[in-house]
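Asker: Protein chains in written order, with the UniProt record's numbering: chain A, 1 to 124; chain B, 1 to 257.
These are computed hints drawn from the structure, not numbers from a lab. Small disclaimer: the values here were computed from a predicted structure and weren't measured. A hint or two may mislead.
What the hints assert, rightly or not - If we take Cβ atoms under 7 Å as the criterion, some of the chain A residues that face chain B in the derived model are:
id	residue
1	F61
2	I72
3	G74
4	G75
5	L98
6	A102
7	L105
Claimed, not checked - To give an idea of the chain A side of the interface with chain B (calculated C-beta under 10 Å), a few residues:
id	residue
8	F67
9	N106
10	R109
11	S111
12	G112
Glycine residues also receive a C-beta, built at the ideal position from the N, C-alpha and C atoms.
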Amino acid sequence: MAKPDERKDGAGKPADGGPADLSARLRHLDEGLRRVAAHQPKDVEPASGSMSNQSALGQAFRLSAEFVSGVIAGGLLGWIIDRLAGTAPWGLIVCLLLGFCAGMLNLARASGAFPGWGGKSGQK
Amino acid sequence: MAANPIEQFEIKNLIPLGNIGGQEIAFTNSALFMVGAVALITLGFTAATAGRSLVPGRAQAAAEMLYEFVANTLRQSAGEKGMKFFPFVFSLFMFVLTCNMLGMIPGFFTVTSHVIVTFALAILVIGTVIVYGFVKHGTHFLGLFVPSGVPAWLLPFMVVIELISFLSRPISLSLRLFANMLAGHVALKVFAGFIVALGGLAASGGMTGVLGVAGAALPLAMAVALTAFEFLVAFLQAYVFTILTCIYLHDALHPGH
Chain A
1 MAKPDERKDG
11 AGKPADGGPA
21 DLSARLRHLD
31 EGLRRVAAHQ
41 PKDVEPASGS
51 MSNQSALGQA
61 FRLSAEFVSG
71 VIAGGLLGWI
81 IDRLAGTAPW
91 GLIVCLLLGF
101 CAGMLNLARA
111 SGAFPGWGGK
121 SGQK
Chain B
1 MAANPIEQFE
11 IKNLIPLGNI
21 GGQEIAFTNS
31 ALFMVGAVAL
41 ITLGFTAATA
51 GRSLVPGRAQ
61 AAAEMLYEFV
71 ANTLRQSAGE
81 KGMKFFPFVF
91 SLFMFVLTCN
101 MLGMIPGFFT
111 VTSHVIVTFA
121 LAILVIGTVI
131 VYGFVKHGTH
141 FLGLFVPSGV
151 PAWLLPFMVV
161 IELISFLSRP
171 ISLSLRLFAN
181 MLAGHVALKV
191 FAGFIVALGG
201 LAASGGMTGV
211 LGVAGAALPL
221 AMAVALTAFE
231 FLVAFLQAYV
241 FTILTCIYLH
251 DALHPGH
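Model the full structure from these sequences, guided by the hints.
Answerer: Encoded structure:
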């Protein structure tokens, strides 16, 4: 979409970092953001609408449980791997970090912040 | 002095049943309330459905409402095919709800405030999902761990994260119910303890007495509000446990779509 702009401003020498190139990139980014904002609300609204019905405390408990359980599951998995394979402490370290990622994934799914992305459990 | 807020969760052996492998086995107060909950549900539903009239009475209407409520939840989350799990989901919902509600009666033990109980329930759910998923879909069930629309170089990483995310499900399921019930009952006990402590101050008379009365009235209002809130939480957590069970069962019925 921003292709014509790029060709006009940075003809022949892409990524020269000049002010014209910069403003073109800014415009491109703005356009992209607007595009994202334009079709996000109708995806997000149902999820956030159903969340706001719950009490704030309930939501906090729900989300924190989602995150903590990811870390705990990762830690347990790492501990078991270490126990079986004798690779202490690397299994625990790696799996705790992966557990952190899994917790974040759980959070993203539970909050409905990223509809349609890897959200198998959240889909109809 | 205010009572220990943790004391209410203490397990007491009521009838010792002997030892198995050096571990004492006994009929505890926790077991008593579990049996009580099951007995209450069974008796309640037997009595409610005994009439079986076309125009339901009060008890039958309540039983039908509970049935409709869980059936609709299951249909919406897991689809029409999920209805084969209805007895399981309904039993879970009624057990958790009854245990939560029994715990709200002063002096009663709250079964669901022990993480091992909620974890056992969660393992039951996840075990059902895994066994049914593999029996029904075979290795296709493993598609659950492969997210769609992920670049190939990221895929092994994502599969591991998805796997841990799946393993975290029983933990989050049990943690949520347990933490809500535990925190609610501790908060209730602490605020009730404040009333007693500040009420004792009121007895001393004079300026401190006035302060004590004012100070005791505040946690009293708080305890009343918290009690109402705890009833809401008790129901809400039973519902959340059920709806998550339905969502996980949905995964077992239709993996990797």
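Asker: Any of the earlier hints contradicted here, and which numbers?
Answerer: 4, 11 and 12
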